[in-house]
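**Q** Generate the whole structure from the sequences, applying the supplied hints.
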Amino acid sequence: MPSYDLQINGQAYTVEAEAAMPLLWVLRDLLGLTGTKFSCGMGLCGSCTVLIDGEPARSCVTLVESATGKDITTIEGLSPGVSHPLQEAWLEEHVTQCGYCQPGQIMNAAALLQKNPHPTDAEIDVAMEDALCRCGTYQRVRKAIHRAAEEV
Amino acid sequence: MKNQLNRRDFIKLVGTAGGGLILAVYLDACASDAPIPATVTPLSPTSTPRPPFDWAPNIYLKMDQEGILTVYAFRSDMGQGIRTAIAMLIAEELDVEWSSVRIEQSPTDPRYGDQLTGGSVSISSHYSGLRLAGAVARQMLVEAAADVWDADPAGCTTEAGFVIHPDKQQKIPYGELVEAAAKKDVPDQTKIKDASAYRIVGTGKGHWDAPQIVSGKAIYGIDVRVPGMLFAVIARCPVFGGTFTSYDDSAAKTVPGVRQIVALDKSIAVVAENTWAAIQGRNALKVTWDEGRNASLSSEELRSAAKGRLPQLGSNDKVMDAVYEIPFEAHATMEPMNCTAYVHDETCEVWAPTQNPQAVQTQVAAATRISPPAVIVNVPLIGGAFGRRIQTDYAVEAALVSQAIGAPVQVVWTRDDDIQHDFYHDMSVHYASVVREKINIPRLQSSGSRSPVPTGAWRSVENFPQAYPTQCFIDEVAFELKRDPLDLRLELYSSRAAEVIKLAAEKAEWGKSLPAGQGQGLAYHATFGVTHVAYVAEVAVDEEGGVHVRRVVAAVDCGEVINPDNVAAQIEGGIVFGLTAAIKAEATLKDGRIQQSNFHDYPILKMNEMPLVEVYIVESDQRPSGMGEMGVPPIAPAVANAVFAATGKRIRHIPIRPEDLRA
Chain D
1 MPSYDLQING QAYTVEAEAA MPLLWVLRDL LGLTGTKFSC GMGLCGSCTV
51 LIDGEPARSC VTLVESATGK DITTIEGLSP GVSHPLQEAW LEEHVTQCGY
101 CQPGQIMNAA ALLQKNPHPT DAEIDVAMED ALCRCGTYQR VRKAIHRAAE
151 EV
Chain L
1 MKNQLNRRDF IKLVGTAGGG LILAVYLDAC ASDAPIPATV TPLSPTSTPR
51 PPFDWAPNIY LKMDQEGILT VYAFRSDMGQ GIRTAIAMLI AEELDVEWSS
101 VRIEQSPTDP RYGDQLTGGS VSISSHYSGL RLAGAVARQM LVEAAADVWD
151 ADPAGCTTEA GFVIHPDKQQ KIPYGELVEA AAKKDVPDQT KIKDASAYRI
201 VGTGKGHWDA PQIVSGKAIY GIDVRVPGML FAVIARCPVF GGTFTSYDDS
251 AAKTVPGVRQ IVALDKSIAV VAENTWAAIQ GRNALKVTWD EGRNASLSSE
301 ELRSAAKGRL PQLGSNDKVM DAVYEIPFEA HATMEPMNCT AYVHDETCEV
351 WAPTQNPQAV QTQVAAATRI SPPAVIVNVP LIGGAFGRRI QTDYAVEAAL
401 VSQAIGAPVQ VVWTRDDDIQ HDFYHDMSVH YASVVREKIN IPRLQSSGSR
451 SPVPTGAWRS VENFPQAYPT QCFIDEVAFE LKRDPLDLRL ELYSSRAAEV
501 IKLAAEKAEW GKSLPAGQGQ GLAYHATFGV THVAYVAEVA VDEEGGVHVR
551 RVVAAVDCGE VINPDNVAAQ IEGGIVFGLT AAIKAEATLK DGRIQQSNFH
601 DYPILKMNEM PLVEVYIVES DQRPSGMGEM GVPPIAPAVA NAVFAATGKR
651 IRHIPIRPED LRA
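If you're matching them up, the sequences are chains D and L in order.
Letter by letter, the first sequence follows residues 1 to 152 of the numbering used here.
Letter by letter, the second sequence follows residues 1 to 663 of the numbering used here.
Everything labelled a hint here was simulated from the structure, so no lab data went into it.
Treat the hints loosely; a few may be bogus.
[Unchecked claim] Label-pair distances were calculated between CB atoms; the ranges are:
(1) D:E92 / L:N440: 44 to 50 Å
(2) D:E129 / L:T588: 23 to 29 Å
(3) D:E129 / L:A263: 39 to 45 Å
(4) L:P51 / D:E92: 36 to 42 Å
(5) L:T254 / D:S66: 20 to 26 Å
(6) L:E104 / D:A20: 36 to 42 Å
(7) D:E16 / L:R111: 47 to 53 Å
[Unchecked claim] To spell it out: a stretch of chain D is covered by chain L in this simulated footprint if at least three of its residues, at any positions, have a beta carbon under 8 Å from a beta carbon of chain L; those stretches are:
(8) 10–23
(9) 39–53
(10) 72–78
(11) 98–109
(12) 124–133
(13) 136–148
Think of the CB as a built atom: it goes at the ideal place given N, C-alpha and C, for glycine as much as any other residue.
**A** Shown next, in the form of C-alpha cells:
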C-alpha cells in the first residue's frame, strides 16, 4: 500500500492508504480527525470542506495523493481553542443547530475571508452556495461571516 | 398558570427521587434582589483532602464539590436545542450561574418515562418536573446552609451558586454544601420561581454544545471510535420489500481493507478496516435481487389511486373545492444514518444517533436475543433527524453485523442509502371543500399512498399536509368571494390564532404594493394544536418561472419562552425545511424504487435561496408548548399563496416548479 506524507494543521503525518482513497477518509478513519464530516460523498454539500494551501477543498472527492506536500487545515486546526474570528462570531450569533455541517460551513467561510475580508451578501452567496445545511442556519451563517469580517 | 404544579408532577418527581414524600409547593419568588455579599463562610478545613463527592438528588442532575451542576439530558438533541433547554430550566430553579452548567446525555432509563424525542413535547411534558428537580435540590442546599449558620432556612436566599444568610452578610458556595445536602431528606415543601425572578429562562443561550461543534470536537454518531472497531456498508435491495437471492463476493473480497462479507436477512454487509474500503467493497459486490411484488410501483400509480379514493372535483354544486398533491419527502439529514455496536459476552453496547433510545434497546435486544437490560444505548450528538431517527433499522443492523463478526462495528449509510431507504413522509392527496352557504375553515378529505413504501414521521408529521391544502384553499375561497385573505382568516380564526395572524400581517405591511411579478402570501397553522405560527411570505417569480422567496415575516405564540433565540432559530429552520419541500425537492417512485440519490437530484435549499426571516414572538404566560416542528407547516401554503398573488396562477401541488409558472 502506498505511503503518503501529509502536513495537517502544522503537523506531519505519514499514512498508508490506497491511492484512490479520498482525503476525507484518511482524516476520519485513519487519523481520527473526525471534525471533517461525511455527508454526500460527491462534493455536493460542503460538509467535508478543508483548506488545502488556503483553498477550500471538498475532501470527499480529493484524492489523498493530490494533497501530499500541501498545507492541509481542518476544523481542528483552524485556531487554538475556539479563537478564530469566525468561531467566535458563530458563537455570538448562535448559528449552530444540529451542527453537523458547521465545520464545513466555517472552513468555507474561512477561505472566503482569506481572499475577501469584507464580502457582500452576494459574494457570500456565491462562496457559500454549495455548503448545505438542512437545519436552515443560513441567515445566521451570513450574519456570522459579516461579524467576523468586522473583526478581521 | 405556570406556577401551579399539579399533583401528578409531584408524584413523578417523588417517584424518581425515591424519597416517598409528597411535595407541597408554594409560589413565592425565591431570588433575592440584594447583591451577593462578600464574606464567604468558611466550611472545610483546607488541610484535610476529601475524596471527590457528587451529589445526585434526583435523576435529572448531580452537583460536585466545585458547585458544577451536571444536568442529564434524557431527550435527544438533533439541533432543536433540547439539551440546552432542559439545563436552562433546572439551572434556573437551582439558581446557579450558567457557566457552572454541564450537560451529559442520560442513559436509557424508564424513570425518565418515554425517551422518544418527537412531537415537540420534550419541554411541555417535562416542564414542571424539571423545575421541581432543580427547586428541590436548591431547597436541600438551603437547609444544609441553614444548619451551618443555625439560621432559619426560610430566611435564606440563593443566587448564582451561593446560599445567602438571612442577614445578607454571609454566603456559602453550593459546592461546599453538597455533602451536607445529600444527607437531607427530600423536602416536603419547596418554592419554585415566579417568572419575574428568572435569570436564565427567557435569555438567549444558544446551544450549550456550540463551542464543541465549531471547533470540530463534538462527537456525532458517525464520529464514535471504539478500539478495534471495523466499518460496514450494506447493500440493500433497491426495491422496497425485495431481498437478495444470491451474491458473488469474490471481487469485493479483493478490495484492499475489506475483511468480511456478512449476509443479513435481506441485505449484505461489507465489513472493512475503514469506511472507504467498505464502500468500495460494496460497489464490487455482485448481488442478484428478488425485487418482489413491488417492482413496478410508481408515484403516478399511487397518486392516481389516492385521488380515486377522494370525491370528484366539482361533483357537488353546494361546495367550492380543490385538490392538492404532496409527494413523498425524504429527511435527508446532513449526518447520514449510522450506528456503532459491539456485541460481546451476551451484552451489546450501541452508540446510536437516535431519537428513540428505548426502542433501540428493545429492538436490538430482540434482534440479537440479548436481554434488554444488557443492551446499553449511548446517544451521541445527532446531525439532524427530523423524525427519521425514531426508526431503529440502522441500529439493529449494526448490532447484527457486530454479532456476526464478533467485533465492534460502525455501519455507515452512504447518501444514496439514506435517500433511497428512508421512512418517507407519505405522499398524499387532499380534497378541500367549503360549503358555499356557510364559509368556514375548509374541510379536508385526505388519502395517503397506502403503499409498501416505508413511511414515518417527518418534521411536523400530519401538520404539514394539513396546513398546505387548508391554507391554500382559504386563499382560493377568499379570491372567489372577493375577500382579502387576511380579513377572511380573521373571521375564521380567533384568540391566539388571530393574534399571530394579525401580528405577522402588521409586521409584513400586509397589502403593501409590490412590483409586477411579486406577491405576498399569508398562512397560519397551530402545529399539534398547541403552537400558533403565522407567516407572510414575499415572493418574486422570474421570467423563467423561478420562485424566489425574498422575505418571511413570522409571528409565533409558543407560550412561555425558554430560549428565545432558539425559538427564532427553529422558525428559521422550519422555514428552510419547508421551503425545500415547497419549491425544491421531492422523492419519486419508479419501478418500486426511489429515483433520487443525492443532493443533485434531491436538492435542499441553499444559502443563496434563503429568505430574510423576521421572527416576532408573542409574550405569553401560558405553559411552553413546543417549537421543534412548528416552523414547518405554514411555509408551503404561504409561498403558494404568494405565488398566486405574484402570477395569478394557482399551483395545487408541491414542489412548485419553474415549468408550472413559465408564461
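**Q** Look at each hint and say if it fits the structure.
**A** Do the hints match the structure? See the list:
For the hinted restraint 44 to 50 Å between D:E92 and L:N440, the CB-CB distance of approximately 47 Å keeps it satisfied. About 25 Å separates the C-beta atoms of D:E129 and L:T588, a value consistent with the hinted range of 23 to 29 Å. Evaluation of the 39 to 45 Å hint for D:E129 and L:A263 yields a pass: the beta carbon distance comes to about 43 Å. Taking 36 to 42 Å as the suggested C-beta distance range, the pair L:P51 and D:E92 conforms, at roughly 40 Å.
Separation of L:T254 from D:S66 is about 25 Å and conforms to the stated range, judged on CB atoms against 20 to 26 Å. The given range of 36 to 42 Å is respected by L:E104 and D:A20, whose C-beta atoms sit roughly 40 Å from each other. Against the hinted window of 47 to 53 Å, the Cβ-Cβ separation of D:E16 and L:R111 comes to about 49 Å, which satisfies the hint. Counting residues of the stretch 10–23 of chain D whose beta carbon lies closer than 8 Å to any beta carbon of chain L gives 4, which meets the minimum of three for the stated coverage.
Using a Cβ-Cβ cut-off of 8 Å, 7 residues of the stretch 39–53 of chain D lie near chain L, which meets the minimum of three, so the contact claim holds. Remark: the stretch 72–78 of chain D is confirmed as covered by chain L, as 4 of its residues place a Cβ nearer than 8 Å to a Cβ of that chain, reaching the required three. With 7 residues bearing a CB less than 8 Å from a CB of chain L, the stretch 98–109 of chain D meets the requirement of three and the coverage assertion stands. Here's how the stretch 124–133 of chain D fares: 9 of its residues keep a CB closer than 8 Å to some CB of chain L, so the rule of at least three is met and the hint holds.
Counting residues of the stretch 136–148 of chain D whose beta carbon lies closer than 8 Å to any beta carbon of chain L gives 7, which reaches the threshold of three, so the coverage claim holds.
Of the numbered hints stated above, none is contradicted by the structure.
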